[in-house]
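> Sequence:
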Amino acid sequence: MASHSHVLLSSAAGNIRSYRRETQATHRFSLLNHLPIRASTTKEPRNLRCGRSFLGIEEVLPTFCSSMAASVRATSIFAATTTLAVYIAAAASFSGPSASAASPEAAFVKTTISSHQIVIFSKSYCPYCGTAKAVFKELNKEPFVVELDEREDGYDIQEALGELVGRRTVPQVFVDGKHIGGSDDAVEAYHNGELTKLLGVDGKEDM
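Position 16 (the sequence shown) corresponds to 16 in UniProt numbering; numbering is contiguous.
Among the hints, a few may not be true.
Keeping only pairs whose Cα atoms sit at most 25 Å apart, straight-line, the calculated DSS-like set for lysine-lysine is [to be verified]:
1) LYS133 <-> LYS110
2) LYS178 <-> LYS197
3) LYS197 <-> LYS141
4) LYS110 <-> LYS178
5) LYS133 <-> LYS178
6) LYS178 <-> LYS141
7) LYS123 <-> LYS110
8) LYS137 <-> LYS123
9) LYS133 <-> LYS123
10) LYS137 <-> LYS197
11) LYS178 <-> LYS123
12) LYS197 <-> LYS133
13) LYS141 <-> LYS110
14) LYS110 <-> LYS197
15) LYS123 <-> LYS141
16) LYS178 <-> LYS137
The following label-pair restraints were derived from C-beta to C-beta distances [what the hints assert, rightly or not]:
17) PHE144 <-> GLU188: 19 to 25 Å
18) LEU198 <-> LYS110: 25 to 31 Å
19) THR112 <-> LYS197: 18 to 24 Å
20) ARG168 <-> PHE144: 28 to 34 Å
21) THR196 <-> ARG168: 25 to 31 Å
22) HIS179 <-> PRO104: 37 to 43 Å
23) SER103 <-> ASP202: 37 to 43 Å
24) ASP184 <-> SER124: 26 to 32 Å
25) GLY200 <-> VAL165: 32 to 38 Å
26) GLU150 <-> LYS110: 36 to 42 Å
Hints in this document: simulated from the structure, not taken from any laboratory.
Model, not experiment: these values are computed from the prediction.
In this text, a Cβ means the ideal position worked out from N, Cα and C, and glycines have one as well.
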């Protein structure tokens, strides 16, 4: 009977020790998930410091590495996606006027305006362009005329001009680098004396 009791006690003690080992292992993994982890500063590279306790790296390394790898992958994907979205938005915001501003046609428009006293961007068949030309004929001034329909790059020049002045219609009139506007604007500037002041000439009564 005593021998049987001894066997039962030994078995119970073994079960308790096994339960303690399982509980300690579970507690260690719980700490790993909630406490800060940093490499040990001791000469034992096989240990990790978790809070104030040392854990064997062979016990926690597989779970730790899997968790960290998943976290790094998720963070990297999110960061890359966010960076790409910002880059696309920034590129889109600069793809319009800035791209045209650097084009040969934009450079041609600016050079032409600065190189001549009177410039008219025109189309040869346009009656409104004819009106703008007639204004300067009345003032005995010969404008420099760019006939867009007679140039292979006329469309691109008109696009660049439209971005500069805010409209794609013709004619577009410039005097001494100042944008006067279209045909109606040129006629109005003629009648109110603005053109005569800019050109330093005497105006006529009516067109």
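> Against the structure shown, which of the earlier numbered hints fail to hold, in ascending order?
18, 20, 22, 24, 25, 26
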